[in-house]
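Residue numbers (the working numbering), protein chains in the order written: chain X, 1 to 349; chain A, 1 to 349; chain L, 1 to 325; chain S, 1 to 325.
Hints are supplied without guarantee of correctness; some may be wrong.
[Claimed, not checked] As a list, the in silico SDA-like pairs of lysine to any residue whose alpha-carbon atoms are at most 25 Å apart:
1. S/K39 / X/F47
2. A/K292 / A/G19
3. L/K306 / A/S324
4. L/K306 / A/L46
5. S/K306 / X/A107
6. S/K306 / X/F47
7. A/K51 / L/K306
8. A/K51 / L/R177
9. X/K311 / X/R23
[As the list claims (entries may be wrong)] Listing some non-contacts, in silico: residues in chain S with all C-beta distances to chain L over 10 Å:
10. P2
11. T5
12. D21
13. F38
14. Q45
15. A46
16. D92
17. K100
18. I138
19. R176
20. V221
21. A223
22. E279
The set of hints was computed from the structure by calculation and includes no laboratory data. Yeah, the Cβ is synthetic: ideal placement off N, Cα and C, and Gly gets one too.
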Amino acid sequence: MAIAREAAPAGSLEEVRAGGLDRVDLVELYRLMLLTRGIEERGHILFRQGKVPGSFYTGRGNEAAAVGVGYALGSDDVGAPIQRDMGVHVARGTEPWRIFAQYMGRADGFTRGRDGNVHMADLQLGLIPMVSHLPAMVPVAVGCALAFRIRGQQRVAVGWSGDGATSRSDWHEALNFAGVRRLPVVFVVDNNQFAYSTPNHLEFATARIADRAHAYGFEGVVVDGTDVVSVFREAHAAIERARGGGGPTLLELVTLRGEGHAVHDDASYVPRALHDAWGRLDPIERYRAWLKEHLAGFDDDADAQVREDVKALLADALRRAEASPQPDPATLMDGVYADPEDLDTPHHR
Amino acid sequence: MAIAREAAPAGSLEEVRAGGLDRVDLVELYRLMLLTRGIEERGHILFRQGKVPGSFYTGRGNEAAAVGVGYALGSDDVGAPIQRDMGVHVARGTEPWRIFAQYMGRADGFTRGRDGNVHMADLQLGLIPMVSHLPAMVPVAVGCALAFRIRGQQRVAVGWSGDGATSRSDWHEALNFAGVRRLPVVFVVDNNQFAYSTPNHLEFATARIADRAHAYGFEGVVVDGTDVVSVFREAHAAIERARGGGGPTLLELVTLRGEGHAVHDDASYVPRALHDAWGRLDPIERYRAWLKEHLAGFDDDADAQVREDVKALLADALRRAEASPQPDPATLMDGVYADPEDLDTPHHR
Amino acid sequence: MPQKTYLQAISDGLREEMRRDERVFVIGEDVGVYGGAFKVTQGFQAEFGPWRVLDAPLAETAIVGACTGASLMGLRPVAEMQFADFISCAWDHLVTVAAKQHYRTGAALPFVVRCPSGGGFSGGPFHSQNPESSFAHIPGLKLVCPSTPEDAKGLLIESIRDPNPVLYFEHKHLYRRIKGEVPDGEYTTPFGQARVHRPGSDVTVVTWGAMVYTADEAATVLAARDGTSVEILDLRTIIPWDRDAVLESVAKTSRLLVLHEDTRTGGFGAEIAATVAEEAFAQLDAPIVRIAAPDTPVPFSPPLEKAFIPQIDDVVQAISRLAAY
Amino acid sequence: MPQKTYLQAISDGLREEMRRDERVFVIGEDVGVYGGAFKVTQGFQAEFGPWRVLDAPLAETAIVGACTGASLMGLRPVAEMQFADFISCAWDHLVTVAAKQHYRTGAALPFVVRCPSGGGFSGGPFHSQNPESSFAHIPGLKLVCPSTPEDAKGLLIESIRDPNPVLYFEHKHLYRRIKGEVPDGEYTTPFGQARVHRPGSDVTVVTWGAMVYTADEAATVLAARDGTSVEILDLRTIIPWDRDAVLESVAKTSRLLVLHEDTRTGGFGAEIAATVAEEAFAQLDAPIVRIAAPDTPVPFSPPLEKAFIPQIDDVVQAISRLAAY
Ligand SMILES: Cc1ncc(C[n+]2csc(CCOP(=O)(O)OP(=O)(O)O)c2C)c(N)n1
Ligand SMILES: Cc1ncc(C[n+]2csc(CCOP(=O)(O)OP(=O)(O)O)c2C)c(N)n1
Ligand SMILES: [Mg+2]
Ligand SMILES: [Mg+2]
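Bound conformation, chain X alone (with noise of 0.2 Å):
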């Protein structure tokens, strides 16, 4: 028995343009697709080389979706995205130059070298760094929704968790809350069919993870995550509603995971097939089509131009960042617990 709801994908641009996309933003997602997937390239080659300490993630064949949802972000609103997600990061506008930082484990990382990876985000854009515990930033984005909720204010709250994070006890305790008091919060699902090496009929026995939003007294819908028009769309509508009163909203986002669970895992485990059906879905390549037929003016030049754009600053964002100064030992002790000025910030008054 399917509940959930399946939204239909990007339809004709006067349909898309009706949603709140214009001109700009159309070709803004496209830059934002690529400087995502440009940071996590780059990120992957420092670490060939030996600059990024530990271990190395990407979200590739998530960009659609990251971006998709960071896009329809209002900008009070706040997120928690997870290992999957630069894209929200790069909607959002957080600096790529600091994000190589992070990565190379700098001082100016958003860390500053205390944690790594993707556990990174910039506070003052309204994003909230993950842990590795799966997924326990979904209770914190609930927490932000019952702070608007409490203060009246018209703000809404996005927690995003994997496939797999979804079997996890912080996942229920936390949509169950969300949805008893209809709190203004979307809830994510990054659904790229694996979770590590585990396929998702090993994780969850319903047809589809977006069925589960009835257990919890709202709506889910399942979009298809390499199309990024159709996720800011109905990412754009359940945040709007939410904002309105109207409680949370379960989105799943499928996807298949691009590459291996780290840079170690060859994902040999994934049937050839299911790889090659997906590979044929790659959210830039679709949407650079999609844009070359529907927008008039986009043409091989203009795509070329937005190219050259992102690779310059990219180019600039890693220099910047390998200047950035190792983390300081004699700093190591600082900070483990907050001070009283700690709280003289926008978020604490």
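Got chain X; can you put chains A, L and S with the ligands on it based on the hints?
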């Protein structure tokens, strides 16, 4: 949108017999319910006499729900009942005098004074003692079912929780895992409409808890928990389906908690009208009336006879329990760790 | 000053802070209409409304996770665990998310979790525990264990204003048994400053929570019996803890007894003893003695529970031996 | 005897025990087709089938709860945490259900949770932790921390056969770095017996896990530098721990250094120091010194992580000071 199936009420005698309950069973169910209530009523008297340390809880109103499921268990099946499920212990054949000894913290209680109340079980009867933390025993029941599946045994585990406890993490992880692996386990929710003072609508946002079964890939059934015959029928069907490889079922047994959360709670937060409406559905009164109407020969005399027997049994049990010694403080440190001989039990071989 | 119970002091401190600062809100199981299992928030929902005194589902991670999120958005949540024991259900969130957040990311999380703790009334293994030692090993959390009504109020207000996650352990056995003078109105009791509960010169006893009273009665027995002069330090906060006060007192007495209600192995008493063994080795005239519960779950039945929780007699004997060493 | 890596020894011990006893099964995230994040169970599913090498959902309480239930029904589960850090997600189940079950009810729970632990390779705050100290405070659990390949195998087999819940902490940084002789076939290494890793007479170092090698290198430096003779005790199991061996060694050397990789405050080192301060006070000629990580989360960036994890130099200096006291 409702998803769960609503079970039909108790039907005619013929239907009931076809469902596996003969005359002896029908009277036995009555006796077990009386015994259950009798144990808790006498426990309460012991408490007021100052003989029960700590606090005191009863399952008043849940007798049919507990006895009905307990009676449906096969002899090799196992279960992890909770705070309102004295009837499960009784239906399984737990000796009443040891329950009184347990209440009083005596050496012959099932936990030998180390734990109190209904935090107990006779392991020899296939029951697993609960902890306070709710619903911590549900993952344990799933683990039992996993063992049966691994060993290819035709056994079933039953895991209980309250309505409130379904909000918690453990419940979700357990049901999800059981659904994915289609384990031979039945989940029973004693929905007595309150979790301490918290009403259903502040615990969950679906129409029925049983609706949540769908989120785990199996069937949910809503049963009138004051109707012992339909509880038995549904429990029996679910248990046998699980035994046959049909996977889990979620049974929601609806009652109203007949007393406060514990002795100190006057439950003044329960709306009077609700209380009165359900007061008319006392499961024992209800079943007595049903028996008198449907079971030829079950007249006032037969009824009185059963009551007398129960009374005598309880009087004897009380005497025996009062003679049980206090635990010896010199044993305080014993048994924090199991010895190898502790594995020399039927279960562990 | 008015005399108040320990419970009343907590309730008053919380209510006053909610009146002063509308960012403060309460969340927990049955804290609303019911006023909480111990009635600390009785009448609060009527005064502050259902969104500032919020009945949560039975879900400790949802509750504490909500505190993290709401505190990040500028509110000052005060969560109630129905019993301290149930904080085990929010362990992961507290140690993984809350405790490490500021160090990693610079985000301050000003919230409080109230934890009714401790035994002595046959609560059994799951309604009697003192979980502070487990959390003391986790950098990033602050731990408060008041023993007097005055401190209970002052430390609660300080906890609410602190920019960090604070676990506030209120000992259930003191709720209605202990009365004391409590100043009216606003005041705070600073973290990390032990209170000299009883000055003395022969033996130092370091303790907190309900054991302060056990130590005090033991000291009274000893003073009367043979004039042994016992100095009792009430730590008041476990993280941060007042090393200086302990070291100073040990410098004076040269003899240290550490006393706590929780079990012995890996209890916070070990940290105190280890610190003194390292930093005041030369001043010690006797072995450092720990009195704590034995390493078992908290038993239910009165004879067992009495044998489990450190009793006045146990402390009297230990101090005597120490004084005579 | 064949030389094997620490990782291979664990894998062999587990495989052999699964062959010997069909009640033993493995459950965890990605342990099946993938063979586990560290490949300890590589090839197991092919040999033992999908129900004895079971890929679980991403749900640590479901995993450990399943161990409790299955062990109660007569099986011998061995769970794998993908990283030891994630055991925080099963904390409540372990401390509330598993640890207390036998004491309360007499039910034995023979299961093992394997926990790949420890830092040293920029795993960051959530892939580097050593959680043994937190569990050491919980009566009812046994805690194993092997440092050599031989012990890794023998202690794993002993863990599987033990009738209690055992947390088996395998240090990731030793996996492929440490090789040693490992007997073929069946043998067990008993719990509660420390191993003299290096005999000596001037200073006792008590440690476990990866720090055994740090201590050893420090001892080598000192032996060469000024002939200081360091005795290194590898505890091997934390609960139960070998008090007698520690007290005996201290009786000989009169100087004790406790060393662990985990953070200092409330770490198990405190328990060891406190015990010695109580029981061997008269034998000590110097303060008891603890070397441990500082009280912060485990930092990611190499310069910070190096400053965080105790280094050979830190140990050399501490021993020198102690020897000279
Ligand atoms: C509580 C917890 N257990 C285990 C892990 C180890 N782990 C890291 S990522 C991962 C798979 C996550 O799968 P999913 O949620 O689908 O996200 P994806 O990586 O596929 O985007 C696992 C098991 C973890 N991070 N947290
Ligand atoms: C994890 C946890 N949190 C809090 C409690 C305290 N508590 C005991 S019973 C109860 C209400 C339980 O409600 P429900 O699950 O509906 O069972 P009922 O008592 O109504 O049968 C609460 C909150 C608990 N036992 N466990
Ligand atoms: Mg995934
Ligand atoms: Mg209920």
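Structure-based check of each hint:
no.	hint	verdict
1	S/K39 / X/F47	holds (22 Å)
2	A/K292 / A/G19	holds (19 Å)
3	L/K306 / A/S324	holds (19 Å)
4	L/K306 / A/L46	holds (21 Å)
5	S/K306 / X/A107	holds (16 Å)
6	S/K306 / X/F47	holds (20 Å)
7	A/K51 / L/K306	holds (17 Å)
8	A/K51 / L/R177	holds (22 Å)
9	X/K311 / X/R23	holds (22 Å)
10	P2	holds (38 Å)
11	T5	holds (30 Å)
12	D21	holds (30 Å)
13	F38	holds (21 Å)
14	Q45	holds (29 Å)
15	A46	holds (34 Å)
16	D92	violated (4 Å)
17	K100	violated (4 Å)
18	I138	violated (8 Å)
19	R176	holds (28 Å)
20	V221	holds (23 Å)
21	A223	holds (25 Å)
22	E279	violated (7 Å)
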